[in-house]
Amino acid sequence: MTPTHFAFSSTFLLGLAGLAFHRTHLLSALLCLEGMMLSLFIALSLWTLQLNSVSFSASPMLLLAFSACEASAGLALLVATARTHGTDRLQSLNLLQC
Amino acid sequence: MVYVMFMFLFGLVLGLAAVASNPSPYFAALGLVAVAGMGCGVLVGHGGSFLSLVLFLIYLGGMLVVFAYSAALAAEPYPEGWGSWPVLGVMMAYMVGVCAAAGLFWGGWYKGAWVSADEFAEFSVFRGDIGGVALMYSVGGGVLAMGAWVLLLTLFVVLELTRGLSRGALRAV
Numbered sequence: 006m007t008p009t010h011f012a013f014s015s016t017f018l019l020g021l022a023g024l025a026f027h028r029t030h031l032l033s034a035l036l037c038l039e040g041m042m043l044s045l046f047i048a049l050s051l052w053t054l055q056l057n058s059v060s061f062s063a064s065p066m067l068l069l070a071f072s073a074c075e076a077s078a079g080l081a082l083l084v085a086t087a088r089t090h091g092t093d094r095l096q097s098l099n100l101l102q103c
Numbered sequence: 078m079v080y081v082m083f084m085f086l087f088g089l090v091l092g093l094a095a096v097a098s099n100p101s102p103y104f105a106a107l108g109l110v111a112v113a114g115m116g117c118g119v120l121v122g123h124g125g126s127f128l129s130l131v132l133f134l135i136y137l138g139g140m141l142v143v144f145a146y147s148a149a150l151a152a153e154p155y156p157e158g159w160g161s162w163p164v165l166g167v168m169m170a171y172m173v174g175v176c177a178a179a180g181l182f183w184g185g186w187y188k189g190a191w192v193s194a195d196e197f198a199e200f201s202v203f204r205g206d207i208g209g210v211a212l213m214y215s216v217g218g219g220v221l222a223m224g225a226w227v228l229l230l231t232l233f234v235v236l237e238l239t240r241g242l243s244r245g246a247l248r249a250v
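Going line by line, the protein sequences match chains A and B.
Quick note on this note's numbering: the first sequence kicks off at 6 and runs consecutively.
Quick note on this note's numbering: the second sequence kicks off at 78 and runs consecutively.
Since the hints were derived computationally from the structure, they do not count as laboratory data.
Because the structure is a prediction, the values reported are computed rather than measured.
Ideal placement from N, C-alpha and C gives every residue a C-beta, glycine not left out.
Hints may contain errors.
FRET-style restraints, in silico, Cβ to Cβ [stated by the list, open to error]:
{"no.": "1", "chain 1": "A", "residue 1": "Leu21", "chain 2": "B", "residue 2": "Met169", "range": "16 to 24 Å"}
{"no.": "2", "chain 1": "B", "residue 1": "Met84", "chain 2": "A", "residue 2": "Arg88", "range": "42 to 50 Å"}
{"no.": "3", "chain 1": "A", "residue 1": "Phe26", "chain 2": "B", "residue 2": "Phe83", "range": "36 to 44 Å"}
{"no.": "4", "chain 1": "B", "residue 1": "Pro156", "chain 2": "A", "residue 2": "Thr89", "range": "37 to 45 Å"}
{"no.": "5", "chain 1": "B", "residue 1": "Leu236", "chain 2": "A", "residue 2": "Arg94", "range": "22 to 30 Å"}
In isolation and in its complexed conformation, chain A is listed as follows:
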């Protein structure tokens, strides 16, 4: 265990805890997901850089592309709920009629 490994592992777990425990806004949950993706990007980049395996450095780029897809789908859901419900609070999303 090196300090960098501990740092990105704890950032991933902090993002997961924030996603699991605090769900006031939908955007807060999406930001915690983005934090998890950011820690995964840093983890894959550090794997490349510390092991000098340069042909692996394409994988953080692909992870960034896929996380862009995830972020855009989540923000589209945010816009759709803001249009139908008027807010993005998760308490108001389980109403049967809005």
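Keeping the supplied structure of chain A fixed, place chain B upon it in accordance with the hints.
Here is chain B on its own, set in the frame of chain A:
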């Protein structure tokens, strides 16, 4: 350099604890910007200058701007930052948890990890991460095609989700 790296790593953990402690989305987006900046510093310290540039330009410049713009949809009359007590308490609880987990590994750190990429490759013309990404554009045609397909599919998913006039996926009742 070791002190600068420790500062960047501590800023990374502290920034994500600030994001995860449930502040208002304005402040959470600001915290994620700080986390991305600290991550750029970590990658530069390990010798990955091109990956750090990608993180700074694509992630911070492209995606987080959209997130900060979308914070306007989650506007609150009284936004709650880290000055209010519940948010600060949760953030301090997270940091105490991280420090307790660091205490478990204290003394057993492997100190040889500060070697950056291409440290022992003298007379190398290009950096390692630039060569790796160029390798993806050289022989990684299949996975590039898959990435382009996924991005195109996401475009249609977004258009379908946000389509109005009661024809979208989520309908205005």
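Right, here's what the structure says about each hint:
The beta-carbon spacing between Leu21/A and Met169/B, approximately 19 Å, falls within the hinted interval of 16 to 24 Å. For Met84/B and Arg88/A, the Cβ-Cβ distance of about 43 Å falls inside the hinted range of 42 to 50 Å, so the restraint holds. Taken as a hint, the range 36 to 44 Å is violated for the pair Phe26/A and Phe83/B, whose Cβ atoms sit roughly 28 Å apart. Pro156/B and Thr89/A have their C-beta atoms about 24 Å apart, which leaves the hinted 37 to 45 Å range violated.
Range check, Leu236/B to Arg94/A: Cβ separation about 25 Å, and the 22 to 30 Å hint holds.
The structure does not agree with the numbered hints 3 and 4 stated previously, though it agrees with the rest.
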